[in-house]
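Starting from the given sequences, assemble the full structure and let the hints guide the process.
So the sequence shown is numbered by UniProt numbering: it starts at 1 and just counts up by one.
These aren't lab readings, by the way, just hints derived from the structure by calculation. The structure displayed is predicted, hence computed values, not measured ones. Using N, Cα and C, we set each Cβ at its ideal position, and we do this for glycine too. Certain hints may be false.
DEER-style ranges, computed between Cβ atoms [claimed, not checked]:
| hint | residue 1 | residue 2 | range |
| --- | --- | --- | --- |
| 1 | R186 | E103 | 15 to 23 Å |
| 2 | R215 | F25 | 46 to 54 Å |
| 3 | R210 | P62 | 35 to 43 Å |
| 4 | R17 | G159 | 28 to 36 Å |
| 5 | D47 | R215 | 44 to 52 Å |
| 6 | F25 | P219 | 57 to 65 Å |
| 7 | C33 | P133 | 26 to 34 Å |
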Amino acid sequence: MTRPRQQLATALDALDRAFASEEPFPVTGCTYCYGDQDLAALSGPLDLIADDLLSAVAAEVPSHWDDFQRLYRRLAPRIIRSAVTGRLHVDENLIASRLVAAEWTTWEAPLAGAVHDVWAAWWHATLHTRPGPVSVRETLSLITVATGALRPWLDIWAGTRTGTADAQLADFIDDVLVEYEITDLRMGFYDEYDASAELLSWLLTEVRDRADDARLDEPYLLEHHEAGRGTGPGSSDPGGDATREIGGG
Numbered sequence: 001m002t003r004p005r006q007q008l009a010t011a012l013d014a015l016d017r018a019f020a021s022e023e024p025f026p027v028t029g030c031t032y033c034y035g036d037q038d039l040a041a042l043s044g045p046l047d048l049i050a051d052d053l054l055s056a057v058a059a060e061v062p063s064h065w066d067d068f069q070r071l072y073r074r075l076a077p078r079i080i081r082s083a084v085t086g087r088l089h090v091d092e093n094l095i096a097s098r099l100v101a102a103e104w105t106t107w108e109a110p111l112a113g114a115v116h117d118v119w120a121a122w123w124h125a126t127l128h129t130r131p132g133p134v135s136v137r138e139t140l141s142l143i144t145v146a147t148g149a150l151r152p153w154l155d156i157w158a159g160t161r162t163g164t165a166d167a168q169l170a171d172f173i174d175d176v177l178v179e180y181e182i183t184d185l186r187m188g189f190y191d192e193y194d195a196s197a198e199l200l201s202w203l204l205t206e207v208r209d210r211a212d213d214a215r216l217d218e219p220y221l222l223e224h225h226e227a228g229r230g231t232g233p234g235s236s237d238p239g240g241d242a243t244r245e246i247g248g249g
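Have a look at this one:
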């Protein structure tokens with residue numbers, strides 16, 4: 001196991017320990033979608049909840065539960081571990097949106113800190129592993145929406161000058177340049193985070209020398225970038241705060 005993967009495993013184990021004090025509680029909610037057996041399982045030991053039930057609850061709308069935030073907080077270690085290892089089979093963007101709805105950054109400091117440590121370890125492991133269980137784009141999307149910040153993760157990527165990180169960059173560029181998606185790229189299941197301006201500027205100015213893709217020199221992209229900076233025709237404020245602190249919500 002590589003050092004970044006070991007660090008991720010360590011962070012996931014620490015997450016389990018941090019949440020060990022979260023006691024089971026009587027879970028109540030939509031009895032049309034979840035029967036008595038499901039509610040009983042969700043009210044019992046965390047490790048006995050079936051994987052398919054966990055996936056269903058991880059994706060479920062908050063209104064289905066009488067205490068969504070408490071339920072999601074208690075399930076967080078298993079949901080996050082399954083998402084990070086690619087075994088949850090739920091859209092990563094949806095998990096990010098649900099974590100935001102659960103207000104994970106407001107949880108007690110040991111809990112929120114353990115979650116943040118997983119995001120950091122996961123991102124480092126992703127940049128050192130190819131292929132990984134989750135694509136670099138989906139990983140970046142989840143941690144960006146969950147933390148409310150893209151820039152810190154891009155800075156880490158820019159500072160990781162390895163062949164694997166560059167290969168991940170090539171894969172990412174190939175993905176977001178399809179039909180110029182980069183010019184209107186939003187992250188999150190509900191498109192909560194507009195990443196277009198930050199990503200395009202980063203690709204064209206900070207890592208361009210590492211990206212062997214002539215499409216980045218297309219006049220359309222360059223014009224869009226200049227407009228977003230307020231230096232070209234049709235310029236506008238790209239919006240957003242690219243320097244928000246990780247975990248700031």
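Going down the list of hints, with the structure as the test:
1. R186 x E103: 15 to 23 Å: Given range 15 to 23 Å: holds, Cβ gap about 21 Å.
2. R215 x F25: 46 to 54 Å: For F25 against R215, whose Cβ atoms are near 52 Å apart, the range 46 to 54 Å holds.
3. R210 x P62: 35 to 43 Å: With a Cβ separation near 40 Å, R210 and P62 satisfy 35 to 43 Å, so the hint holds.
4. R17 x G159: 28 to 36 Å: Holds, since R17 and G159 (Cβ atoms, about 29 Å apart) stay within the stated range.
5. D47 x R215: 44 to 52 Å: With a Cβ separation near 47 Å, D47 and R215 satisfy 44 to 52 Å, so the hint holds.
6. F25 x P219: 57 to 65 Å: holds, 58 Å
7. C33 x P133: 26 to 34 Å: holds, 28 Å
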